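Novice: Construct the complete structure from the given sequences, taking the supplied hints into account.
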Amino acid sequence: MAIIKNEIPILEYDDSQFSVLMPNHEKLNLQLPKKAVFAFLGDHIDKYANKHNCEIVAKFESATKVYPIYLTHYQGHEICLCQAPVGSAPATQILDWLISYGVKEVISAGSCGALIDIPENTFLVPIKALRDEGTSYHYLPPSRYVELNPMALKAIEQTLNKHNYSYIECLTWTTDGFFRETKDKVEYRRSEGCSVVEMECSSLAACSEFRNIIFGQILFTADTLADIHNYDERGWGGDSFEIALSLCLDAVINIK
Numbered sequence: 001m002a003i004i005k006n007e008i009p010i011l012e013y014d015d016s017q018f019s020v021l022m023p024n025h026e027k028l029n030l031q032l033p034k035k036a037v038f039a040f041l042g043d044h045i046d047k048y049a050n051k052h053n054c055e056i057v058a059k060f061e062s063a064t065k066v067y068p069i070y071l072t073h074y075q076g077h078e079i080c081l082c083q084a085p086v087g088s089a090p091a092t093q094i095l096d097w098l099i100s101y102g103v104k105e106v107i108s109a110g111s112c113g114a115l116i117d118i119p120e121n122t123f124l125v126p127i128k129a130l131r132d133e134g135t136s137y138h139y140l141p142p143s144r145y146v147e148l149n150p151m152a153l154k155a156i157e158q159t160l161n162k163h164n165y166s167y168i169e170c171l172t173w174t175t176d177g178f179f180r181e182t183k184d185k186v187e188y189r190r191s192e193g194c195s196v197v198e199m200e201c202s203s204l205a206a207c208s209e210f211r212n213i214i215f216g217q218i219l220f221t222a223d224t225l226a227d228i229h230n231y232d233e234r235g236w237g238g239d240s241f242e243i244a245l246s247l248c249l250d251a252v253i254n255i256k
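Sequential numbering of the sequence shown, starting at 1, is according to the working numbering.
Hint data in this document are derived by calculation from the structure and do not stem from the laboratory.
All figures in this text were calculated on a predicted structure; none of them were measured in a lab.
There may be inaccurate statements among the hints.
What the hints assert, rightly or not - In the DSS-like style, the derived pairs of lysine-lysine whose C-alpha atoms are separated by at most 30 angstroms in a straight line are:
1) Lys104 <-> Lys59
2) Lys27 <-> Lys59
3) Lys154 <-> Lys47
As the list claims (entries may be wrong) - Label-pair distances were calculated between CB atoms; the ranges are:
4) Gln17 <-> His163: 30 to 40 angstroms
5) Val86 <-> Ile228: 15 to 25 angstroms
6) Ile10 <-> Gly102: 29 to 39 angstroms
7) Ile168 <-> Gly42: 19 to 29 angstroms
8) Lys59 <-> Trp236: 24 to 34 angstroms
9) Ser19 <-> Asp227: 24 to 34 angstroms
10) Asn24 <-> His52: 37 to 47 angstroms
11) Gly177 <-> Glu147: 19 to 29 angstroms
12) Ile10 <-> Ile228: 21 to 31 angstroms
13) Glu78 <-> Ile8: 40 to 50 angstroms
14) Lys5 <-> Lys162: 47 to 57 angstroms
Every residue, glycine too, gets a C-beta built ideally from N, C-alpha and C.
Specialist: Written out as structure tokens, the structure reads:
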């Protein structure tokens, strides 16, 4: 299919699976496990890897940082673990690279900002994401939302129920303008049904759909924008990081 052109560049789309620079252009002698936890959990993945003597099986080298790819054995399954960088573009770059070397089932987790009155450290399961970032438009044709994979949703919700964690299914607003969450935009997104905001979900879901792999995400509330006149960073969801990693590991092995 020829490129679909538009006066607005971000709305132009090419569905070719091939690009000048492919994710596996290094042609590494590397075969990753099909299951992966790719999460926005600070240093908790490194801590887990050190505690459990996980092997570093690969490294993703960016211009700013080297990201180790760990291999763990969890309840009879091989899983690769990787810290995800904040922001749609860098996160999707690494995800696409992981996919190119064999990853097919991914669970992610990370904090989000509450747009409505939701307590801190509440778990949420996004069922679709509003695409207010640029990266997803390079993977899927323009649309307002991207749906999350139903197989991943089922695995996540089964895991949360198993461990007796209450959660909220949600519509999330994915933006790449952290300092451009204006009062009017927050109110507008709320009116559309968005209950939280974060920076990666729609792009990771779009990349995964394009590459035909399974992706799901667990969110937990950190700061709050519910009162647009009094922003509150609260505790940045710090009490949920370790729990979220454990939930990711359980959820990814529940993908059938």
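Novice: At the C-beta level, are Ser19 and Asp227 separated by a distance inside 24 to 34 angstroms?
Specialist: 44 angstroms Cβ-Cβ, so the 24 to 34 angstroms window is violated.
Novice: Take the C-alpha atoms of Lys104 and Lys59, compute the straight-line distance between them, and say whether it is at most 30 angstroms.
Specialist: Given pair Lys104, Lys59 holds - Cα atoms ~18 angstroms apart, limit 30 angstroms.
Novice: Take a quick look at whether Lys154 and Lys47 sit within 30 angstroms of each other, Cα to Cα.
Specialist: holds (28 angstroms)
Novice: Quick one: are Asn24 and His52 within 37 to 47 angstroms, going by C-beta?
Specialist: Since Asn24 and His52 have Cβ atoms about 28 angstroms apart, the given range 37 to 47 angstroms is violated.
Novice: Given the hinted pair Lys27 and Lys59, is their alpha-carbon gap at most 30 angstroms?
Specialist: With Cα atoms ~13 angstroms apart, Lys27 and Lys59 stay inside 30 angstroms; holds.
Novice: In this structure, is the beta-carbon distance linking Gly177 and Glu147 contained in 19 to 29 angstroms?
Specialist: Holds, at about 23 angstroms.
Novice: For Val86 and Ile228, compare the CB-CB distance with the range 15 to 25 angstroms and indicate the outcome.
Specialist: Check passed, 23 angstroms falls within 15 to 25 angstroms.
Novice: Indicate whether the distance between the beta carbons of Ile10 and Gly102 respects the range 29 to 39 angstroms.
Specialist: Because 31 angstroms falls inside the window, the suggested range holds.
Novice: Taking 30 to 40 angstroms as the hint, is the beta-carbon distance of Gln17 and His163 inside that range?
Specialist: About 38 angstroms separates the Cβ atoms of Gln17 and His163, which means 30 to 40 angstroms holds.
Novice: Has the hinted range 19 to 29 angstroms been met by the Cβ atoms of Ile168 and Gly42?
Specialist: holds (23 angstroms)
Novice: Lying within 47 to 57 angstroms: is that true of the beta-carbon distance Lys5 to Lys162?
Specialist: The hint (47 to 57 angstroms, Cβ to Cβ) holds, given that Lys5 and Lys162 are roughly 49 angstroms apart.
Novice: Check the following: the C-beta atoms of Glu78 and Ile8 are separated by a distance inside 40 to 50 angstroms.
Specialist: holds (43 angstroms)
In this structure, the earlier hints numbered 9 and 10 are contradicted, and the remaining ones agree with it.
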